[in-house]
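S.K.: Chains as they are written, first to last, in the UniProt record's numbering: chain A, 1 to 352; chain B, 1 to 311.
Some hints could be false.
What the hints assert, rightly or not - Among chain B residues calculated to face chain A with C-beta under 7 Å, some are:
| # | residue |
| --- | --- |
| 1 | Ala190 |
| 2 | Gln191 |
| 3 | Val262 |
| 4 | Val265 |
No lab work stands behind these hints, which were simulated from the structure alone. Note that beta-carbon positions come from the ideal geometry of N, C-alpha and C, so glycine has one too.
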Amino acid sequence: MAENLLEVNNLTTSFKIGGTYFAAVDDVSLTIKPNEVLALVGESGSGKSATAFSIMGLHTKARIEGEVNFLGKDLTKFGPNQFNKIRGGEIAMIFQDPMTALNPLMRIKAQIVETLTIHGKKSKNENEKYAVELLERVGIARAEQVAEAYPHELSGGMRQRVVIAIAIANRPKLLIADEPTTALDVTIQAQILDLIRELQEDLGSGVLLITHDLGVVAEMADRVAVMYAGEIVELAPVREIFKNPKHPYTRSLLTSIPSEEQMGGKLHVIQGVVPALHKLDRTICRFSPRIPWIDASEHEENPELREVEEGHWVRCTCYKNFYLKETNAEDLAELENQELERDAVGGNEDEQ
Amino acid sequence: MSNNILEIKDLKVHYPVRGGFFNTIKDYVKAVDGVSINVPVGTTYGLVGESGSGKTTTGKAVMGLNHVTEGTIMFNGHELTGKGKKVDNHKDIQMIFQDPYSSLNVRKRVFDIITEPLNNYESLTKAERVNRVLELLKIVGLPPSAIYKYPHEFSGGQRQRIGVARAIALRPKLIIADEPVSALDVSVQAQVLNFMQEIQKEMDLTMLFIAHDLGVVRHMCSYLGIMYRGRLVEEGTVDDIFNNPQHLYTKRLVAAIPDIDVDHVEKNLVLRNQLKEEYEQNFADYLDEEGRAFPLQQISDTHRVALPVRS
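If we strip away everything but chain B, and leave its shape as in the complex, we get:
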């Protein structure tokens, strides 16, 4: 399908565990273990899971930041994995990081931070660069006076927008946003989320949105993938996942979100306890002998679930 800008097929990222006298490989940590994702152009795909479920590793693999054990990643029809990879593609994939405090170099001015990707890929004169940075600052809603300031002079939300400006400097086609708002207060979070949606519309961006906050994900994404121990357990539209979750893990995850409606508290609590019991009793059925989730099965046009294979 040419409609998909990003196609991940059976991605595996395994880390060797070494030990013993000769430091031989004893075992592997299967951080990502057979994940396939297709992301259509201009949409936002949310990757959700607990810490350690492999969502960030998947994002990093797409960025080329960690090595891929097996599987292919196709971006815009080009293969990113394996030999002969084209650097050019990396220009089109950019990342927004979680922590706006540590992802900006404190010793660099905003100008230097934002021009760094530009310098790597485009040869511009100083004046052109200044113009580009001013343009970018305008897009992310920061005043021109910000250009020669240092990161510490900005609030958390403003910093995160500097991070966004840096990410969109090269006019990428795909942005990987790794927990972009989890370090921010709700009021600031709203600001960054609004603004990411605006930019997406304007620049026709595709986003891979990695988060553990389901409320945020529901707000931002059109498709969702739920990860559990390196594998997808359920995939579908936001509606599929939130209103018709099929996998026990997803059900439990959805039920665990604290609801701000005080009328629902009792009901939620009952549901949550019920699911907890079910989870403790039956969850083993949802995993194969090695403790891995089963392969995904199509249950509707958009909805795929890793239900146990009935034998």
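The following block holds chain A by itself, in its conformation from the complex:
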């Protein structure tokens, strides 16, 4: 077994809402080996991006507990200077929106050279040459000209390629890709995913892929961690997740995607909404309010993540006797009514 590249142990990231801290990432543990793609899946608000940002040390106002071991060093103990040394070097990130990730006032070449000079000691000339090579590497035709262009002159797909070129500039050991293709068209998405896969195999990097698109997960990931309300609820190899999903949330999610079999038919709807951070009951199975037809005795108190089959981890015991149930529209309205009444006092406060 290869050494773990990244080991996240009991990571808890809390944000302050009205004076008290609430955990958006709650006791998350995961590992990534070199040459492995771990996908982190979940709805918006499930804490997947917060996890990535915590690993990268980008949450400056949050309270972070637990350990993030990267090559034997605990990143949570790092100060800003230490972080600057490894960010963009050994750990690199691909952001969701290539429109905002690039500096609109800098030429493409200058932006790539910037990361190179911070982390390397080569001369300006060499760096500039290498920048063009990188652009070629990520499949940009006419790399010479593109290097001289400003971001607004490029299409979305091209910009995302540039973002990737910057990310791989220093041959990172760990690549964090936060929804790398969400803003792109399908054909370009396919190209970008191919590119990430190719580079990852080439460099032997570990990849933490954050996405809500299960199709992307099926194509890219080796292992999958499903997050719900800040916790990992299921962690398993990719085949297991799709062929043998266990946790009620994973199963509900998989049946709610339009697929060939249920063409034109009704899609499964998960009742209710992801609870707001400060209204979350943290002692029970967090998914239980959304599957009320499952008896309370099926859930455990303070549910734990357990290895139920080799390499397949599931939280809570409720998966054992879980079955999917369709809710009719009236029940749904009733539930949302209650939801609204409850929210009436607090309103929807956003995460910080």
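Mind docking chain B on chain A? Use the hints.
M.R.: Just chain B, lined up with the frame of chain A:
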């Protein structure tokens, strides 16, 4: 054919590109360049394409939101384009927007948002309006208590349903849904899609469904049109497009959808690479000298493809 509620004939929307000293027109951006679509009553027609392919522009042209350079749009037997257009028709065509966060006025209550179209076309008393809104809220599955709330108090899926309530307030015959679920999570997406299908059945609505997500389109639509640079490259039933795509562009688009079946990943990858190569080598053959797709040719009763004209 009287069966078609919407008939678009050779629609062109060109935007002038100005420049130079006198700000003269230098060129045109041909956003939509000769699109013809027929939509039968009670069906959903899906318009698919990459960003910039002109699908939204086509939708907006039907709504009368942008000017039409050439071509005609017939709705229910009335012409929407050109002089003497009847405002009444616009009451029967409504739109659902992509982003439920920016398409609702944050300073207005749900009541005001939904009654706005009613106020424009119907003179109702306050009590009647309240009743109508309550009725509409019930249809879209929102509780009556929602009526005096503001948009920020709702989740994304709920907001999108408020948008739908506003769109169906005037009992339109045609709804143009511009990427109605692409901003939503899968679980919420399922909810909105289900509900749009229900409403369609109940109200006998016709829909022009604009999307780039082929999975969603396959689920919702009976007919599909694939757009590429302002022109249709292929048109047919969902079965035609997904199981028997003829145009290279369509083939590539269909192959690009990530499949959630892990068993197909390898196979898809091979197919995709194969198509990519073919695309790079041969795609120029599928376009004429000006880089436009060829006119559509009928290859079966329902299936039309812009195959190269053999000369």
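S.K.: Give me the numbers of the hints this structure contradicts, sorted from smallest to largest.
M.R.: Violated hints: none; all satisfied.
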